[in-house]
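Colleague: Chains as they are written, first to last, in the working numbering: chain A, 41 to 380; chain B, -19 to 231.
Hints were generated in silico from the structure; no laboratory data involved. Treat the hints with care, as some may be off.
[What the hints assert, rightly or not] Short derived list, chain A residues pointing at chain B, Cβ under 10 Å: (1) Q126; (2) L137; (3) E139; (4) L141; (5) L153; (6) G155.
[Said to hold, decoys possible] Below, in silico cross-link-like pairs of lysine-lysine (DSSO-like), each with a Cα-Cα straight-line distance of 27 Å or less: (7) A:K294 / A:K273; (8) A:K123 / A:K179; (9) A:K232 / A:K75; (10) B:K(-4) / A:K183; (11) A:K62 / A:K294; (12) A:K231 / A:K273; (13) A:K231 / A:K294; (14) A:K123 / A:K231; (15) A:K119 / B:K24; (16) A:K67 / B:K228; (17) A:K294 / A:K78; (18) A:K294 / A:K123; (19) A:K273 / A:K232; (20) A:K232 / A:K346; (21) A:K62 / B:K228; (22) B:K(-4) / A:K179; (23) A:K231 / A:K75; (24) A:K123 / B:K24.
No residue lacks a Cβ here, since even glycine has one placed at the ideal position from N, Cα and C.
One letter stands for each residue in the lines below.
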Amino acid sequence: MSSAQAEQSLSGSIVVDGLSMKYGALKALENVSLKIDKGELFGLLGPNGAGKTTLISILSTMLPASSGQAFVCGYDVRKEEAKVRQSIGIVFQDPSLDEELTAQENLDFHARLYGLDSRTRRVRAREVLRLVGLEDRRKDLVKTYSGGMRRRLEIARGLMHTPAVLFLDEPTLGLDPQTRRNIWDHIRALKKSVGTTIILTTHYMDEADHLCSRIAIMDRGKIVALGSPQELKGSLGGDVLEIEVVNAHEEFTKSLNQRQEVRDVVAQDGRLILTVERGESFIPVVFETAAAQGVGISSVSMRTPKLEDVFLKLTGREIRDDTHTEAKDRMRLFMTRKRR
Amino acid sequence: MNFGPTVYTLWLREMKRFIRNRGRLIGSMSFPLLFLVVLGAGFKGVFTYRHDVSYMEFIGPGIVGMSLLFTSMFGGLAILWDKQFGFLKEILVAPVSRLSIMTGQTLGTVTSSMLKGTVFLAVLVFGGLVTFHPLGILLALVFMFLISASFVGLGIAFASRMTDPQGFQLIMNFLIMPVFFLSGALFPIDQLPEWLRVLTRLNPLTYGVDGMRYALGGPYQFSPLLNLIVLLGFWAATTFVGTILFRKMTA
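My request is simple: use the sequences and hints to build the entire structure.
Modeller: Shown next, in the form of structure tokens:
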């Protein structure tokens, strides 16, 4: 294979090999390995502080890793910084536009830094603005834009220099539900029309579930699960029963956990979350057991597993979009886990 | 890498922001003008340094220096706002060298700062407050450039080390203001008490203001060559430190 062909085949790919990142005693990333193919819409899912942004910062050459290697489009992020930078586009977690410039000027500034000639700058600006539906607002100052429009403009800007890989770091953070849906539509359209590899970080489960073809679930600097949303949810093997109990339920949990059908039990905030085979026929068992032990049940609901349940099972915690997560961790009554 | 185009890109952005923001433009020009007119008129009667020089004529070059000091330092510190608004990340992740970014940022700020300074210079010339001589104006412009470029470098150095705009006020109070007041812009330095004269002599802006006084036919103290050498040294020092710190900075 000639080197040109090799470059061609590696374009859009990402290889992460044993990457670690330490800040003093804190391990932000611990021995992370990962392969992402060209054209994938790949999700990094995890709570705040899981290491998602750190990983993206390393892949975009903004941060040198403590140890391990990473290649973007076949280029070593440490040794071939300029080539990596030229091949990637980034939408940062926090806003990064010049509000005193127009949308067009922001794109133009970006394109000049990436060495595009004036004709290409014009053509590309029109293309990417159309892609995110902002062509009629292109001459307006960014400070007149809404949060959703700014986000779309940042996505458009990330695509200006036709990168082989696009990083979206929490693309819908802080946006209202309707705007989030709108951004999702644009990301999906992007995947269809552009063919760019997209790596998206999020702590919204539904976002990863809706958009991504593959997901790596991250927690405390490690990848704890990897697969398509279907595979991950299927790995739980069964239905999810949520039981709200009124009084002490330690004994109750134990006896439920001893049943054949039960795969997993997690107690949280006065609820029991069970993963069971054939959930509908297990509901009577729940009531029988409760009656025998004098435990009051205020509600039972059954559903198919969500990514939330996968995360909960893997880490014993829920992903939450607030700062109370830690406090809730400590408040968690207790948790039992059954391994098979 | 594409050094020239990057420098131009950053310069262009600075110019667009400069032209667009009228409020900031007027704001930054009104303060020195206030000093010139109000102090110039107010201290007219008590100023007895030289009988052939009015107080307004005396402080004229000092006011140009003041404008340059403020706009250049603020311009260098503007990196802090880019940090705050996240735009710096967009610049730093691009496949361009830090040196080209720093050069473009510096040239942009020096240009806008010099434009404002030149407006004040024109006010002095047309107001008959300075002696007009083409070579003198040229020399004044050289001093203006050196003052501006030096303090932009200093501003960038500080901005590179600071993480939030809170420190901005500190720099304003403990650096910019003392540098201005101790530069001989507002009073002749040969009549100062000893301790104040020492401080003034340690201040690079003193030599810039004095150099402009010489170029514009005012009462100067030092040899213009000394002024030039001190400023060139100061420029080299701030640019060197600014470049090193800017290179190390993370967005």
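Colleague: Now look at each hint and say whether the structure bears it out.
Modeller: Consistency of the hints with the structure:
1. Q126: holds, 5 Å
2. L137: Holds, because the Cβ-Cβ distance from A:L137 to chain B comes to roughly 7 Å (cut-off 10 Å).
3. E139: Holds: closest Cβ of chain B sits about 7 Å from A:E139, inside 10 Å.
4. L141: holds, 6 Å
5. L153: The hint holds - A:L153 has a Cβ within 10 Å of chain B, the shortest such distance being about 4 Å.
6. G155: Result: holds, 5 Å to nearest chain B Cβ.
7. A:K294 / A:K273: With a Cα-Cα distance of about 24 Å, the restraint between A:K294 and A:K273 holds, given a limit of 27 Å.
8. A:K123 / A:K179: Given pair A:K123, A:K179 is violated - Cα atoms ~32 Å apart, limit 27 Å.
9. A:K232 / A:K75: holds, 21 Å
10. B:K(-4) / A:K183: holds, 15 Å
11. A:K62 / A:K294: violated, 39 Å
12. A:K231 / A:K273: Judged against 27 Å, a Cα distance of about 23 Å means the pair holds.
13. A:K231 / A:K294: Cα-Cα ~47 Å, so violated.
14. A:K123 / A:K231: Holds, because 23 Å separates the two Cα atoms, which is no more than 27 Å.
15. A:K119 / B:K24: violated, 65 Å
16. A:K67 / B:K228: Holds - the C-alpha atoms of B:K228 and A:K67 are around 23 Å apart, at most 27 Å.
17. A:K294 / A:K78: violated, 47 Å
18. A:K294 / A:K123: violated, 57 Å
19. A:K273 / A:K232: holds, 25 Å
20. A:K232 / A:K346: Holds, at about 25 Å.
21. A:K62 / B:K228: Roughly 19 Å separates the two Cα atoms, so the pair holds.
22. B:K(-4) / A:K179: holds, 14 Å
23. A:K231 / A:K75: holds, 19 Å
24. A:K123 / B:K24: violated, 64 Å
The structure is inconsistent with the numbered hints 8, 11, 13, 15, 17, 18, 24, although it conforms to all the rest.
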